[in-house]
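Each chain sits in its own coordinate frame; assemble them with the hints.
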Amino acid sequence: MELLQPGLGLLVWTLLAFLIVFYILKKFAWKPILATLKERETGIADAIASAEKIKIEMAQMKNENEAILQKAREERATVLKEAKEQSDKMIGEAKDKAKAEYDKILADAQLAIQQQKNEALTEVKNQVGTLVIEVATQVLRRELANKAEQETFIEQVVKSAKLN
Amino acid sequence: MLSKFVKSLPILAFSILLLSLMSISVAHAEEKSTAETDEKAKTFDPAKVIMEHIMDAHEFHFATIGDHNIAIPLPVIVYSKERGLAVFSFGKIEEGETYNGYKSEEGKIVAVDAAGKVEESVTLYDFSLTRNVVQMLLALILLVVLMLNVAKKYIAGGAKTAPSGFQGWVEPVITFVRDEVGKPNLGKKYEKYMPYLLTIFFFILINNIIGLIPGTANVTGNITFTLVLAVISLLVILFSTNFHFWMHIFWPPGVPFLVKFILIPVELLGVFIKPAALMIRLFANMVAGHIVITCFILLIFIFGAMSHVAGWGFAPVSILFTVFIYFIEVLVAFIQAFIFTNLTAVFIGQAMEGAHDDAHH
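Residue numbers (the numbering used here), protein chains in the order written: chain A, 1 to 164; chain B, 1 to 361.
Looking at chain B on its own, in the form it has when it is part of the complex (with noise of 0.2 Å):
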């Protein structure tokens, strides 16, 4: 068993970082597993483990211990037309049990009724601060107390005196998104797009990279988030179109007469199209990061659902992998920060763009 392991090893390592190869093995280690010992197969679920991780949740769950769980509970607001509004900490329904006829089911707060049973007559709405709302308001706090000390040290420094500490870490990046991205994009008119720019930057940024912290949530993966911050961009790109923006998606210049037909549906899904895309693309890329390095950690439950020594022998190969996509996902963070932002300046600059450049189009 070992040998054939230890002989697999570099063919596996390869797999590894084949994402679509992630399915096979998993089930094969579960196949071995249910061979094996049916006890461990009930319990461990690779992908219901790295679902939990990855999705939103009432609690910031930590470990589970025999029987005990560790996690901190979060406060459930829940409204219905039926009922109204009731609040109360997660943690009293925690193991199954209704709590003033709520209930929770897969982690999700459905009404119940008497006996128990689900009502499903009663329409709730979910405004529970989730892990990831926590996760997001303590990260936004952080934002906000870090940013204005920044601006305290330039307002009390004025334009003549060096920056300072952190706010020698913040310049380069403010300035970075100024010049890099509000300038190219945006014309002359950057200055006003500039604290939306700024704002969404670090907004991203901050979340990002405290998704990072090992036992966080996954704000920034998660479809919700980038779904908000890609429906304000679109608001601001429409905010900024001008006639020529529009007129150019009515009635395309420099095609013949039929072909402006077609090419207005697409033109004008195109609107809708570019952040869409940019929700998808920050969503995809956050999810995808958090689901290796959560597969990486797993492999070593996986291996040590085969045989003990297999596991062991694994953790190294497999804390080194995740390592090394820890340090990607850094990158990435700041990357998909800036890719959000600059698109968005791009999108913006091009509903903008004035009559003038009609030469490329």
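For reference, chain A alone in the conformation it holds in the complex (with noise of 0.2 Å):
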């Protein structure tokens, strides 16, 4: 049967047009497509890679700065705190102070009122050691007429001495 008898024209023909199709779209269409498409291809691919990378790194970011945030917020608090304290115990110091100085001042006070009492008691004494001895001039110098007189007189220097 004719419809199944190779040509041997159309033979050469096809086979020569397939090779040199075969060369011209395989280095000139094929290769550059192929490359181009995997290129394509593998950019994408990196492309959503990297942003995938991009996504975790953000989230890790994230982790990180709320992290950071806690921690400043912890500080922030101990600051305060100590701040406090500091200022409380700067606070109960100058009140001691204040008070140690109070207290000093109130004994100098003390001592300085004692000393005068006891320089004016001194002066006291004295004046009425040297009122005594005036009396005692005196009453001498009356010459001792009347006993009775002396005694009464002695006893009135004398209470007005202890008055003092």
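Hints are supplied without guarantee of correctness; some may be wrong.
[Said to hold, decoys possible] Covered stretches of chain A, as calculated for chain B (at least 3 residues, CB under 8 Å):
hint, segment
1, 2-12
2, 21-33
3, 36-42
[Claimed, not checked] Which chain B residues face chain A? A few, computed with CB under 7 Å, are given here:
hint, residue
4, V145
5, N149
6, I291
[What the hints assert, rightly or not] Simulated restraints, written as ranges between beta carbons of each label pair:
hint, chain 1, residue 1, chain 2, residue 2, range
7, A, T42, B, A288, 13 to 23 Å
8, A, M61, B, N149, 47 to 57 Å
9, A, E2, B, G66, 24 to 34 Å
10, B, A288, A, S50, 47 to 57 Å
11, A, E52, B, N149, 33 to 43 Å
12, A, S50, B, L235, 42 to 52 Å
13, B, K152, A, T42, 16 to 26 Å
14, A, M61, B, F327, 37 to 47 Å
Simulated from the structure, these hints should not be mistaken for laboratory data. For glycine and all other residues, C-beta sits at the position ideal for the given N, C-alpha and C.
Structure (structure tokens):
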């Protein structure tokens, strides 16, 4: 049957045409097309991968930020607490100091008062002594005429002296 | 006559689908026409028309009006040891004339002597640019131009630009061949075979599609064309074979000793049957499609031979069926290109299959 008989001419031409077309297309069409397609696909894959990576990094960064924030908050709290403690301490110290000063001043004052008092007393005593001597002198000068009168007088003098 | 025809119309319409019944109806029609008019029976032979349509020829024949043929004659290139090379237009011997000692007998070029008798001693090698050759070359020029343009776009645009225009049509096809044919069948080595697979796919596809244009030749439905492609496939398969593949053929594992001797010729034959099946499949599919379409068109004239009214009456039905088959043929054009490529890839994959998956044979 003629339909199933291969024709020599067509065979040769087909073979030739196929080889030429194969060569041309392989070199000038398939090579750049496949290379570009591959490049594009790897590019897309890379882009997706890097986006995913960035997403993870972002999440990580967010976590880190939150941790830092948390830490900062804690630090602030501690700083505040410490500051309060410090100020309380300072106030307390100041109070103590003031009280000590006050006590000291008071003690000094009392001491001074005591001293002055003692001085005054000493003076009084001196004066009383002088007075006694004067009185005694006067009394002695009165020559001790009246014994009763003398006793009264002495008593009087003593009494007045005791009052001081 | 007409009422009889109208009654049998649905039955005929269904019987048309069964191609085996074609010959019967043709014979029937011929019988009728011979009974009515002798002349019409002589001039109209559907089988001959169909064969002329699907066979190769030295001219693009479009129509015959009266005695005048509307055809584009193509160059004839013949070579013989005795006479050397001869190149001339088929138009010179179209009507059965003798030119420079060559003559056309039923479309075949034969050498004749001075008296006009066929010289049997001269062995002619016909390298003519027949309509299949010419159409194939035109289709391939078209393919190369299209693909080079697409490639230019890829080179110009680089990987960062989205495909545009025709590039957008070609890209999914290329990625389909790569991802559905190359990668699954050839594994890691697919890149090496991609140019071959893509070339064979588009080579078949463009010839299938161009062959569907009315008036064109049936290139892919020619056994020579598919033979060449199958032989190339066979060579590619053979060059891809590894030790494991031949080991498998000459010493099939997992069978009793004596069975091995039965299996060896079977396996060896299988190597050649696979590409042969590729050849027959593409050829038969395309020829069948063209025959069916031609048959539906010819039905009009078969009925026309019975009576003019029947011919005109059947025309719409015939056109409807033809359009239907045409759509199927467009589908088949793609499917056959895909199947040929895919099976080639499968066979290459089998040939270079490693020894690692001995589990499934």
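Each hint, compared with the structure:
1. Restraint check on the segment 2-12 of chain A versus chain B: 11 residues with Cβ-Cβ distances below 8 Å, three needed, restraint holds.
2. Counting residues of the segment 21-33 of chain A whose C-beta sits closer than 8 Å to any C-beta of chain B gives 11, which meets the bar of three, so the coverage hint holds.
3. For the segment 36-42 of chain A, the stated coverage by chain B is satisfied: 4 residues place a CB nearer than 8 Å to a CB of that chain, which reaches the threshold of 3.
4. Proximity of B/V145 to chain A is violated relative to the hint, the smallest CB-CB distance being about 10 Å (cut-off 7 Å).
5. Hint status for B/N149 relative to chain A: violated, with the closest Cβ pair at about 9 Å, above 7 Å.
6. At its closest, the beta carbon of B/I291 sits 10 Å from a beta carbon of chain A; the interface hint therefore is violated under the 7 Å criterion.
7. The hint said 13 to 23 Å for the Cβ distance between A/T42 and B/A288, and at roughly 44 Å that hint is violated.
8. A C-beta distance of roughly 48 Å is found between A/M61 and B/N149, which places it inside the suggested range of 47 to 57 Å.
9. Taken as a hint, the range 24 to 34 Å holds for the pair A/E2 and B/G66, whose Cβ atoms sit roughly 28 Å apart.
10. Between B/A288 and A/S50 the CB atoms are about 53 Å apart, so this pair conforms to the stated range of 47 to 57 Å.
11. Distance hint check for A/E52 and B/N149: the Cβ-Cβ separation is about 37 Å, which falls inside the suggested range of 33 to 43 Å.
12. Taking 42 to 52 Å as the suggested C-beta distance range, the pair A/S50 and B/L235 conforms, at roughly 44 Å.
13. At roughly 22 Å, the beta-carbon separation of B/K152 and A/T42 lies within the given 16 to 26 Å, and the hint holds.
14. As the Cβ distance of A/M61 to B/F327 is approximately 59 Å, the hint placing it in 37 to 47 Å is violated.
Hints 4, 5, 6, 7, 14 from the earlier list are contradicted by this structure; the remaining hints agree with it.
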